[in-house]
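Student: Read off the chains here:
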Amino acid sequence: MESNKNFVVGVFDDEDVLLSAVEGTREKGIKIHEVYSPFPVHGLDEALGYKRSRLPIAAFMFGLTGTSLALLMQIWMLGFDWPMIIGGKNHASLPPFIPVTFEMTVLLAAHGMVLTFLIVSNLKPYKWPRQFDLRSTDDKHVMAVDLATNKLSKEEISRILKDNGASEVNEKNF
Amino acid sequence: MIAEEKYIFKPETKRNIFILGVVGVLLFALGVFLAMRSEGHKEEGHEKHASTEITKQLTASVTPVAEGEHEGGHEAKAEHHEGGSPVWLKRIFTSLWQNNIFFTGIGIIGLFFIAVQYAAQAGWSAPIKRIPLAIGHWIPIAGVLTIVLWFVIKGDVFHWTHSYLYAADGDKALKGKSGFFFWPLAAGSFPLFFIVRMVVFFGLWYLFFTWIKKEMLAEDIDGGVQHWFTARKFSAIFLVIFAVSSSVSAWDWVMSIDTHWFSTMFGWYVFASWWVTGLAVITLIVVNLKDAGYLKEFNANHLHDLGKFVFAFSIFWTYIWFSQFLLIYYANIPEETVYFISRLKNSPYSWIFYANLILNFVLPFLLLMTRDAKRHLSMLKVVCPIIVIGHWFDFYNMITPGVMKHDGGVGFLEIGLALIFAAVFLYVVLNALSKIQLVAKNHPFMEESLHHHI
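Going line by line, the protein sequences match chains A and B. If you read the first sequence in our numbering, its first letter stands for residue 1, the second for the next number, and so on. If you read the second sequence in our numbering, its first letter stands for residue 1001, the second for the next number, and so on.
Calculated from the structure, these hints are not laboratory results. Keep in mind the model is a prediction, meaning the values are calculated, not measured. Don't be surprised by glycine CBs; every beta carbon is placed ideally from N, CA and C. Heads up, some of the hints might be wrong.
What the hints assert, rightly or not - Not everything, but these chain A residues come out facing chain B in the computed CB check (under 7 Å):
hint, residue
1, His-42
2, Pro-83
3, Gly-87
What the hints assert, rightly or not - With a straight-line cut-off of 25 Å between C-alpha atoms, the simulated PhoX-like cross-links for lysine-lysine are:
hint, chain 1, residue 1, chain 2, residue 2
4, A, Lys-124, A, Lys-151
5, A, Lys-51, B, Lys-1308
6, B, Lys-1345, B, Lys-1006
7, A, Lys-89, B, Lys-1345
8, B, Lys-1435, B, Lys-1290
9, B, Lys-1441, B, Lys-1010
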């Protein structure tokens, strides 16, 4: 991806400090690139002002696709392409199609949702995730601020992060 | 910790419930009048053997076309033997029994819900557990009603109670099943085993209800965790008992109406219907209380959980419905398909058969699917009544076709009785609710529930 990106990285020891720091930094008009934490922090999404993910809508669409595909497939196979009499029922009778339809709905919804999630989260196979600070996988919370999207200078941002309780502030270039 | 809260059963609410009951009585009276009138026409037609053209037309208009009448030799013979009460009275009996079973289910689900919360050590439900507790107060009334009603209606609703079926030239299939009803007495005499089951089930349910209620209320005064642990112990034992008793009561009170038919899914089916109705009623009462300014601790997160319960068990009910339907449909064995044929091919029941699926699956599934829908009072206020009405029709279609055959219908009579039952049920539940603390005072999980966040 793009190189020479400059980030200011704040490291926090405690999730409560992190939460208030997120609010404090945003109040100062700083756009936060992302926050990394070793465990889910309740209320972090709200503090960061994230909108709800639209993934459920994608899942519904994938599910609907699965339902339609399954019904089309079965009706075409058993109703038109190779009509067979099974148990004296009509060629294309709905009740026996329901289990397959259900399974196809679940299959497409689940796989579609996982794939969509991986793609929108930049977790593609050829893509290496950026590590702002490796300790975010252990015991530290890490807040990354992209300098390119902020008007304030590096020094000012560092000071604001420090004021809001960051135990250390580093720079990171990619 | 949290402020004491008590539900006040206001005179206006009482008046509204009273009006509901009066409307029910009026509709019921009108329904009985209409049913008796059409009955008169029909008998006239039968007696005069269509001597005049007018009588013929009249008879044709009120007698549904008799198709698929012959379900088997013994069935025809039985009808000839029985005679029984006039159609309008049979209709009242059937409707009474249906409403009774429906509301019994809601009452017992009140206790079941609490027991599940204890067994699962659930924290989120702490502020609303008093509502299912109040619903559980219907259990003793349901017990008395069921036992008394059964003796009144047995001859008309329960085909298997007739002693001639067990004579030497009687019904072979029923003779095989007779032990299930009459043991240890002789087949065709007093159904001791059946009645003992009925009494024991209601006795046990009521016993566990009083025990768990005692612990819940004592907790308000004493505090500590001991009452919670004792209640959990009772809940776990009750759940085991309910697993058996809910299934067997479904066979006894509902499935044995279609005496020759059986389904291994039926216990689950009735339970699923009761459970989702109970959840919808709990949610509906909670939502209305919240709207009236009660339950300050109850927020969108708790509502979300209730919404998920209603949503998930609507699908669960559909799953059970379909599991029962598909196997019978596919196997196509006459003894089994007769149950669905009699519901699909007869005019009063076929639209209910499809409406059942739309009201209880399609609508809740689509309306409650999104997260926002489950978190808003207004959506649950729409969906919960749909589910309650839908499952009332579900029980209608389980019970009525087996008794009324071609003479059934949904008219003022049925709706009136349902409203009467609903009014009495609401009065009992809200009255019970006004006598206890609306929110548990020393519940060990209250603090957890206040911070519930999903």
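Student: Tell me, which hint numbers fail for this structure?
Tutor: Checked against the structure, the hints that fail are numbers 2, 4, 6, while the rest are satisfied.
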